[in-house]
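Q: Go by the hints and put chain Z onto chain W.
There are 2 protein chains.
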Amino acid sequence: MLHAETLATAATLLQAMQARSLTLATAESCTGGLIAAALTAIPGSSATLLAGYVTYSNAAKQATLGVSAETLRQHGAVSRATAIEMVQGALRTAQSDLAVACTGIAGPDGGSEAKPVGLVFIGCGGKGRPVCAHGFVFPGDRAAVRAATVDAAFALLRAELLGI
Amino acid sequence: MLHAETLATAATLLQAMQARSLTLATAESCTGGLIAAALTAIPGSSATLLAGYVTYSNAAKQATLGVSAETLRQHGAVSRATAIEMVQGALRTAQSDLAVACTGIAGPDGGSEAKPVGLVFIGCGGKGRPVCAHGFVFPGDRAAVRAATVDAAFALLRAELLGI
Chain W
211 MLHAETLATA
221 ATLLQAMQAR
231 SLTLATAESC
241 TGGLIAAALT
251 AIPGSSATLL
261 AGYVTYSNAA
271 KQATLGVSAE
281 TLRQHGAVSR
291 ATAIEMVQGA
301 LRTAQSDLAV
311 ACTGIAGPDG
321 GSEAKPVGLV
331 FIGCGGKGRP
341 VCAHGFVFPG
351 DRAAVRAATV
361 DAAFALLRAE
371 LLGI
Chain Z
211 MLHAETLATA
221 ATLLQAMQAR
231 SLTLATAESC
241 TGGLIAAALT
251 AIPGSSATLL
261 AGYVTYSNAA
271 KQATLGVSAE
281 TLRQHGAVSR
291 ATAIEMVQGA
301 LRTAQSDLAV
311 ACTGIAGPDG
321 GSEAKPVGLV
331 FIGCGGKGRP
341 VCAHGFVFPG
351 DRAAVRAATV
361 DAAFALLRAE
371 LLGI
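As given, the protein sequences belong to chains W and Z, one line each in that order. Residue 366 in the numbering used here sits at position 156 of the first sequence; the count goes up by one each step and never skips. Residue 234 in the numbering used here sits at position 24 of the second sequence; the count goes up by one each step and never skips.
In short, the hints are calculated from the structure, not lab data. Be aware that one or more of the hints could be misleading.
Chain copies aren't distinguished; within one or between two, either way the pair holds.
Said to hold, decoys possible - SDA-like, lysine to any residue: derived pairs with alpha carbons at most 20 Å apart:
#	residue 1	residue 2
1	Lys337	Ser267
2	Lys325	Ala257
3	Lys325	Gly345
4	Lys325	Gly276
5	Lys325	Leu282
6	Lys337	Ala229
7	Lys337	Gly286
8	Lys325	Gly350
Isolated chain W, as found in the complex (with noise of 0.2 Å):
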C-alpha cells in the first residue's frame, strides 16, 4: 500500500526528529492509520511516535481530539478549521511535541460539488507554534488518494522540522 519512496522519507523524518528528540503524534481521518503505519515501519520509531489517532467518525474527533462541534457544524469534517483542530487535540492529547494531521474525502463515494472525492486537508504543527493546514485536491481511485496525502503529511512534516 505504500511505495519505497514513502517508507525512506518516513526513515528520514524520524532521523530528523531523533536527532532532535522531537515526539510526533498523528491523527488521520482519510488515510485511517497509513501515515502511523508508515512511520511505525521504521524500527525505532516507538521512541519518536508516542501516538496517532483515526478518527473517522464526527464522535471521535469530537471525544478523541476534541474538535469542537460547532466547527464540524460549521466547516464540515472536511475543512481546514477541523484539520487544525484535530492537529491541536493531537498535541494535547499525546503531549507530543508535534503533530500532523489530515481529514479528506478518499472515494468512491462520499463526495460532492463543493467537496469532491480527492479533497484532503492536511494539518501540521509544534507546541506553542501555529498550526498551518492546507488543502489538496489529489487524483486517483481511493488507493492513490489515501497515497498522496501520506506523501503530503510528509512533505508538511518537513517543511515543520525545517522551520523549527
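A: Showing chain Z alone in chain W's frame:
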C-alpha cells in the same frame, strides 16, 4: 506492506460487520496503524470503523485507553493483561460494538529472553462480552511480524463475529 489476501480478508470482515450493523474500534501497539490502514483501504469502511488508536507509549495506553498503571507495572506493556485492557479501553472510548487490540515486540530491538522479538498478544471482544486474548510468537523480521499480527487479529475478529 499488506498482502492482497489481507485486504480481501478486511473486505470480508467489513461486509460481515456491515450486514449486522456492528461497529469496530482498533487499538494497536506493534502494528502501529496497520490494522486500521488495512480496514480503511476498503471503500465504505468509515461506516464500520469508528476509531483507531495507535498507542505506542505506556502513557498513551493509559491516557487514551485507560490501561491501568498497575497492569503495566505488574505484567508489562507486552502482556495478555494489557491486550485485554486495550480492547476494553477501545470499546469504552470509541463506543463501538467490537474492538481488536494488539501489543508486541516487532523488533529488531526490544526483545529479551522472557519476551522475545515476535511475541505479540492480540485481544478481541464485544460490548458486554468477555474479551479473549491470545499470545503468539511470530517469526521473521519487523515487517513479517507486523503482517502476521494483522492476519492473526483478523482471524480473531472473524472468530468473534462467528460467535455473536
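Q: Please write out, lowest number first, the hints stated earlier that are contradicted by the structure.
A: Violated hints: 4 and 7; rest satisfied.
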